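From just these sequences and the hints, can you work out the full model?
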Amino acid sequence: MWRPRVTRIVAYATAGIIVLGMIVLAVVVAPQFKLFDRILLVVFGLFVGWILHMLARCRVQADEAGLTVVNPFRTRRLEWAEVIDVTMGEGEPWPTLDLADGTSFGAMGINGAEKTLAAHQLAELRALLQTQGEAPNPT
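When you line the sequence shown up against our numbering, it's residues 2 to 140, in that order.
Everything labelled a hint here was simulated from the structure, so no lab data went into it.
You may find that some hints are simply not true.
As the list claims (entries may be wrong) - Here are the computed distance ranges between Cβ atoms for each label pair:
1. Val11 <-> Gln131: 28 to 34 Å
2. Leu26 <-> Leu100: 44 to 50 Å
3. Val49 <-> Thr69: 25 to 31 Å
4. Leu47 <-> Asp102: 18 to 24 Å
5. Gln62 <-> Leu26: 35 to 41 Å
6. Trp51 <-> Thr97: 45 to 51 Å
7. Leu26 <-> Gln131: 23 to 29 Å
8. Pro94 <-> Leu36: 40 to 46 Å
9. Ala114 <-> Gln62: 19 to 25 Å
10. His121 <-> Tyr13: 21 to 27 Å
11. Asp86 <-> Ala114: 18 to 24 Å
Stated by the list, open to error - Taking lysine to aspartate or glutamate and the DMTMM-like style, the derived pairs with C-alpha atoms no more than 25 Å apart in a straight line are:
12. Lys116 <-> Asp99
13. Lys116 <-> Glu91
14. Lys116 <-> Glu93
15. Lys116 <-> Asp86
Computed from a predicted model, the values in this text were never measured in an experiment.
The C-beta atom is built at its ideal place from N, Cα and C for all residues, glycine as well.
Quick look at the structure:
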């Protein structure tokens, strides 16, 4: 399984700070704010925390049958035969999976900002794609 490290740490730390900050703000806010306003502050903090969780949950998982790509709002299961190539140019935020039907799909579970880790994860994914995705040569 491949997932970004720094992105997860930053997203969850930020989510915790925002949720905690909104709870504290709801408790200590001026008396002219009613209970409904205070509840909305906490709900807003939870909403922002949920969005950050969705960003942090991104991953690419490989098994014998294929790849599972979990992006913020969509999970997609791909068979090995469906994935033709994986590319990630210099400065791109994440790799792109080129599919057999002519479309492409971003795999946000490998984060280009983490250059060394991303290069290692991309090499592992390419090696798996080469061994799992291609039909064996007849002997």
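Hint by hint, here is what the structure shows:
As the Cβ distance of Val11 to Gln131 is approximately 33 Å, the hint placing it in 28 to 34 Å holds. Leu26 and Leu100 have their C-beta atoms about 46 Å apart, which keeps the hinted 44 to 50 Å range intact. One distance hint, 25 to 31 Å for the beta-carbon pair Val49 and Thr69, holds here, with the actual separation near 27 Å. Between Leu47 and Asp102 the beta carbons are some 38 Å apart, a value that contradicts the proposed interval 18 to 24 Å.
About 38 Å separates the C-beta atoms of Gln62 and Leu26, a value consistent with the hinted range of 35 to 41 Å. The beta-carbon spacing between Trp51 and Thr97, approximately 27 Å, falls outside the hinted interval of 45 to 51 Å. Between Leu26 and Gln131 the CB atoms are about 52 Å apart, so this pair departs from the stated range of 23 to 29 Å. Here the CB-CB span from Pro94 to Leu36 is close to 42 Å, well matched to the stated 40 to 46 Å.
Checked against the given bound of 19 to 25 Å, the beta carbons of Ala114 and Gln62, roughly 20 Å apart, stay inside it. As the Cβ distance of His121 to Tyr13 is approximately 23 Å, the hint placing it in 21 to 27 Å holds. Hint check: Asp86 to Ala114, Cβ distance near 22 Å, so the stated range 18 to 24 Å holds. Between Lys116 and Asp99 the CA atoms are separated by roughly 21 Å; this keeps the pair inside 25 Å, and the hint holds.
A distance of roughly 10 Å separates the Cα atoms of Lys116 and Glu91; the hinted pair therefore holds under the 25 Å criterion. Annotation: proposed proximity of Lys116 to Glu93 holds, straight-line Cα distance about 10 Å (limit 25 Å). The straight-line distance between the Cα atoms of Lys116 and Asp86 is roughly 20 Å, inside the 25 Å bound, and the hint therefore holds.
Comparing the model with each earlier hint shows violations of hints 4, 6 and 7; every other hint is respected.
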